[in-house]
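K.L.:
Residue numbers (our numbering), protein chains in the order written: chain A, 95 to 534; chain B, 95 to 534; chain C, 95 to 534; chain D, 95 to 534.
Certain hints may be false.
It does not matter which identical chain is used: a pair holds within one copy or between any two.
Computed list of lysine-lysine pairs in DSS-like fashion (alpha-carbon distance at most 25 angstroms, straight line) [as the list claims (entries may be wrong)]:
id, residue 1, residue 2
1, K165, K142
2, K172, K423
3, K440, K293
4, K440, K423
5, K510, K496
6, K440, K174
7, K293, K174
8, K142, K174
9, K496, K142
10, K293, K165
Keep in mind that the hints were calculated from the coordinates and are not lab data.
Please read all numbers here as calculations on a predicted model, not as lab measurements.
Protein chains: 4
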Amino acid sequence: MNEPADLTVPSLGTRTVTSPLNLNTTSGDEIANFVEDSERLLMDATLKSFRRHCDAGTEPVSFEKAGPRAKIYFDPSKVKAAIVTCGGLCPGLNNVIRSLVAQLWFRYGVRSIFGIRYGFQGFIPDFGHSMLELSPALVGEIHELGGTILGSSRGSQDIGAIVDSLERLNVRVLFTVGGDGTLRGAQAIFEEITRRGLKIAVVGVPKTIDNDIPYISRTFGYDTAVDMATLAIRSAHVEAQGAPNGVGVVKLMGRHSGYIACSAALAMREVNLVLVPEQRFDLEGERGILTFLQQRLEARGHAVVVVAEGAGQDLFDATTGRDASGNVKLQNIGRFLSDRIKAHFKELGWEINLKYIDPSYIIRAAPANSKDAIFCGNLAEHAVHAAMAGKTGIVVGLWHDKFTHVPLLTATQGRKLVDLEGALWRSTLESTGQPPILHD
Amino acid sequence: MNEPADLTVPSLGTRTVTSPLNLNTTSGDEIANFVEDSERLLMDATLKSFRRHCDAGTEPVSFEKAGPRAKIYFDPSKVKAAIVTCGGLCPGLNNVIRSLVAQLWFRYGVRSIFGIRYGFQGFIPDFGHSMLELSPALVGEIHELGGTILGSSRGSQDIGAIVDSLERLNVRVLFTVGGDGTLRGAQAIFEEITRRGLKIAVVGVPKTIDNDIPYISRTFGYDTAVDMATLAIRSAHVEAQGAPNGVGVVKLMGRHSGYIACSAALAMREVNLVLVPEQRFDLEGERGILTFLQQRLEARGHAVVVVAEGAGQDLFDATTGRDASGNVKLQNIGRFLSDRIKAHFKELGWEINLKYIDPSYIIRAAPANSKDAIFCGNLAEHAVHAAMAGKTGIVVGLWHDKFTHVPLLTATQGRKLVDLEGALWRSTLESTGQPPILHD
Amino acid sequence: MNEPADLTVPSLGTRTVTSPLNLNTTSGDEIANFVEDSERLLMDATLKSFRRHCDAGTEPVSFEKAGPRAKIYFDPSKVKAAIVTCGGLCPGLNNVIRSLVAQLWFRYGVRSIFGIRYGFQGFIPDFGHSMLELSPALVGEIHELGGTILGSSRGSQDIGAIVDSLERLNVRVLFTVGGDGTLRGAQAIFEEITRRGLKIAVVGVPKTIDNDIPYISRTFGYDTAVDMATLAIRSAHVEAQGAPNGVGVVKLMGRHSGYIACSAALAMREVNLVLVPEQRFDLEGERGILTFLQQRLEARGHAVVVVAEGAGQDLFDATTGRDASGNVKLQNIGRFLSDRIKAHFKELGWEINLKYIDPSYIIRAAPANSKDAIFCGNLAEHAVHAAMAGKTGIVVGLWHDKFTHVPLLTATQGRKLVDLEGALWRSTLESTGQPPILHD
Amino acid sequence: MNEPADLTVPSLGTRTVTSPLNLNTTSGDEIANFVEDSERLLMDATLKSFRRHCDAGTEPVSFEKAGPRAKIYFDPSKVKAAIVTCGGLCPGLNNVIRSLVAQLWFRYGVRSIFGIRYGFQGFIPDFGHSMLELSPALVGEIHELGGTILGSSRGSQDIGAIVDSLERLNVRVLFTVGGDGTLRGAQAIFEEITRRGLKIAVVGVPKTIDNDIPYISRTFGYDTAVDMATLAIRSAHVEAQGAPNGVGVVKLMGRHSGYIACSAALAMREVNLVLVPEQRFDLEGERGILTFLQQRLEARGHAVVVVAEGAGQDLFDATTGRDASGNVKLQNIGRFLSDRIKAHFKELGWEINLKYIDPSYIIRAAPANSKDAIFCGNLAEHAVHAAMAGKTGIVVGLWHDKFTHVPLLTATQGRKLVDLEGALWRSTLESTGQPPILHD
């Protein structure tokens, strides 16, 4: 990944309020473990980078560490907060909502928390969505359920109208939980707030089941997605083994990045071919995947293929437009591939039994698993610490297993992709035994 | 259900061998609890039926009870057994295989058990499938996995060639695990065996995830299917709630019978409309389902629809042929319905968010749940008891929670359907709140 | 099981109100499928019983069928209902509560439903437990959670004070969800109501994880308990296999009846010894279980034992009193057995690795599985149908897979036990391979 | 954590064999992505550390990166490998075994792999455990099962005899999968091998469910353990809510380190008190936990306590010896605490309902979850890469999400503990709301 231009964290101004987290401590007990703004983490933790920078006398790129600050910007007793969830469903949304509420309420003493309904639509009066007053009692058990109790929607809305709404509601702290598009929306809101000279903190919680946000090593929901995806792969494997020349094809999430496909294949090591958006592949030809499948069936009598939804899009003539969030609408590579495989073997006169499985909605509607539940709680805690300290225009990130503050501007530049020369792809190849090159 | 013409159980002849289950008992311990052929269960257990028959002096229809017999037909030390699994995958196949092997081996002392590969294909030398020698060690952990270790295939094969193969292998006891088509195949094998005057017992274990075999109250895999189906319904519910005018459509198994659809809807009481093959429905019109959905969205803002794969087939122009097992190929009612719902609301200018979920392969490839695991074990035990006692031309059934012997001929006549005037459908209507009539 | 003295269902009197379930139907549509009081199910469905009764001219014992009646007793718009959950936790309690509320509210139009807190304590003002006003919104998602949102408690309370409370609240329909003790309490309440000449219907929903209520073939929670118990047995099996001379001992519920132990052993066919309250066993001696275990370890190197909590109580000197519900406090047979096994092999100089697992609380706090979820919904529907029709002093039962009305007096006489000469125990013996007799 | 004295990786000598992983590539395709020994990762990735070392001109501590080497030490066609699993069960053992075999067999072409039975016992002829010949077919489905197919045992064996056995079997590559004691054993074996001048690589895969190995950020099984532990916490929460003054006490693994207790509490945010070995606590007194629980019950009526097995050991008079592995035998703090809580409230005259849950065996016998399955596969791959390259006396580690080589000597010095001033403990306190100080 390229080094980002700037990792400086915007702030609303001087912090003057003593953090209520001090209340937990008694004299002499240093328990709150406040973090200072100067604490930073190196982006590149290799010895080689150390030597290069040290020898050249240059400052290595680093992230600001997240965590509670000893002094905060807002007086908790007066602050109104708002939470909005945007984009497609993702495991853990309710955990994030629940922990944001709990952290605001119990740790900081904030008593006014608006839940915005159906994404950015909820800010626009025309849609007529009423708000939810959030409290610990209301959100007590929601982590056991998938989805988001606030609802969500795709697409942006008029930024001016959103900021009007924030002003009207007197919101001082806005948490936007969403992916790529949402982070760009949050950045636009942040800019409009700055333009108007308002003192409103905008803090993002990064949500992308595809795990493709740059400068953030993991996003919530991804781990649960891999968990749930194994259910589909196991089924594909069972179906493939259960019939003569059985072939199981599983389409998984991954518009631009093949992380889920690779990780799910590594979790259920029964996959013989993983196709990701990062790697070009041919159908026909000596190195094409039809030849590979034919060899596999000859040798073993069954095969399992996992394909990320964004893979092989170059095999289609042209794209068919964009969805409400501005995402390019992808062609269904899973069905396309299944049809082509069936046609190929029919032509050869082979009887094969192909089963195509698309588990996407079952994956994304699942409740968070333990790992994601912990992660969502931590993200929410750090988002609240950041916002209360007056940090703004940022998203909470993770790097080297530590929580960080990443400027929204940086987190929306480019995408994180599976490195075809890196360890994840190497393990994937080692696990599947597929040829490294799939085109002529 | 109509009363069957005949429930007399065919037999290979006089039983002369003392059951080895006696070995378990010591003098005076009546532990084996042998069942006599004269023990029978009434098909109709109502007081009304009692009075009718008693008053008229007629014999009520009854099933022969399954269970170990004190005298058996085959000498276990000399018997060779064969097991074949046919048709689509179904949770519990491996449990049945494992328990057949364990019961033959440990209880009766049979030491030669052939596992036939890929359904009836495995009997036909041309296919080149080799057999598996089954033993307790080989099948020790297979119940933890979905599918069938033997593999399966659809479609019948030449009956003469199958019986030739049984003769060649010197098989005396054949267990066929499969549904409608398989039971018909087993009946044909039974008839050919009878024609040739062979002493080979043919005993079926009924496998239909749809639960639609007549005169058998439950078949294995069905309960697990309902379990797994709730995963899809929960996802549809979460998706429907997560977006403005969210609609979740779930297609479930059920070619002719809506049992899975009804039961899954009752297990996850979040479903607003259940469509089954047994009930006609219109799309358009005052009582059509589009009107109902429109009212539901107006009232609540989201809806969940469950549709059995065999529902609404009359909405298509014509069928498109039959599959290898001779089943009529169904049109995809799930996609058809989803498209029509989307078109309807688009025409109305409503923005709806419809998610279509087809969990079929994930359902049928699942390992058996506890209920089915117990059931499969019991079915297998009773199948072995029956075959060793020389019963033939039968399938093991369940009635009033007791295991029975049902002649293959009877079990292949007609189908068990959801009674639209019965308790299951009434509960379904009470749970969904859908109108009882869906057509003009 | 002995035949009960009387299965006549008590009633509050003449039914005069037309059931609102008719509202669902339009002219000519016979959809509500009302049940008549005269519809009854034979207790004994064997042909032998038919012949005996028919020949002797005697009336066979039969149960009244549950279901909606065309005429009901209460005017739904005026009725107040109350729900109380008592005794130990059991999977499905929340499903029952949710379905009682949904059925009362949506089907019958009842709008006043009290949730009584912490069992019968909730009726007694001294405890200071406030009531919950139940509505569909409040109970919408509770079926996803284990336990009971109403809370529960053991033990009876003053019957007069409970009826005073019902009068004060103007409750006309009381649903008691509980086991043995609760059914006796409900019977006492019913009698006091009758004595006072009140028109209050008392309908029980039978809750016993042990499945030991007589004349009722299955109770809710039992199926989930078996499901969850397999988790413990699988662990015991893994532990036993993972060490030299590994022994896994699992204690399961079953104070008087070994149903859970037997069924769980049949669901996970890795168990070598099942001990139930119904069967006496010795530790020492040729037929004692220590000898059996020694032989098993010699032959296979590992063993799994499942023991019901009520088994082997005769091995203790005396009982130590009763708990708040009046149940005899059992000695911990699981630990006792584990200690004795360890001592035995230590004496022999064998190194064994015994792991003792008690999963009781994890089992009973689980949410209902699909089977129980369906069952709980059906039980609740039928309880509401019964109460609205003025049936009282009854508990909803199940017989031959049909729902029935069982008088409370009958359901509290004796217990349902595992028949040591029946099919369940035979299957258990066949699965474990344990000797049928375990004492000299 | 203190900086280790030395992170230099021992090696058997010059690498001369070209890695077979090159076979995957075609001319010009740089696919194998070999790692060089000079690639190292900084232990401390903070900017502060960078500045300190750069300013002082000192070399920061760093780990050697794991991964395939272009040149390897052993000729795969001639190498014999051995795998041994030691100590208590841990989720993922079978995944490690399966991936070691697959990696050796398919990637490197090793065809002779011994599975040693029952830990180090399997090397000692006296125990009479025979070896398993491991192959991909044999280990194909074992990842679906908990435990280890090799079996395990506690305790060390005679090091000389183990090395004799390695010599006798002509083993060149030994993989030891185990925790603290096993790593010390592996180090002793490595030293004896070195003393004898043998060319045998010893590579450890770190297994500690407690996650307490120093210089390794995560060990396998830990993530699954947290997953499974939430089952017990959920049950405790349901039980606590289900009764007046309900208290749930859950004992979790963690002999010296409270990682599982903290993480499980963060995954199921229903816990009110977490007790870990790292923090002293009092029972009595103003800051003691009994006072805290009393306040909690007064305020909310129920409470959930999670206690790590190693917590509060100072409350016992003395320890009672060591187990076969040399671990100090801990007192049962879970039962002790439960008894003391019950006694305390009995004395106060409060009726409380305490449920004690010990899910340890259910946790450790579980199959690996997806996260651990991936992790186990990666650990095994890297262990094979390391051993084939002639690395020895090391354990495969993880640091900053990258795989590393850690000298056995370093990995056995001290333990990783929860930092009471770090982020995990801060989050735990924020989640539970418990006071930071629990003693006077």
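K.L.:
Hints first: check each against the structure and report whether it holds.
P.N.:
Cross-check of the supplied hints:
no., hint, in the structure
1, K165 with K142, "between (37 angstroms within a copy, 22 angstroms between copies)"
2, K172 with K423, "neither (44 angstroms within a copy, 53 angstroms between copies)"
3, K440 with K293, "neither (66 angstroms within a copy, 42 angstroms between copies)"
4, K440 with K423, "between (30 angstroms within a copy, 19 angstroms between copies)"
5, K510 with K496, "both (18 angstroms within a copy, 17 angstroms between copies)"
6, K440 with K174, "neither (64 angstroms within a copy, 39 angstroms between copies)"
7, K293 with K174, "within (12 angstroms within a copy, 53 angstroms between copies)"
8, K142 with K174, "neither (47 angstroms within a copy, 36 angstroms between copies)"
9, K496 with K142, "both (21 angstroms within a copy, 15 angstroms between copies)"
10, K293 with K165, "within (17 angstroms within a copy, 60 angstroms between copies)"
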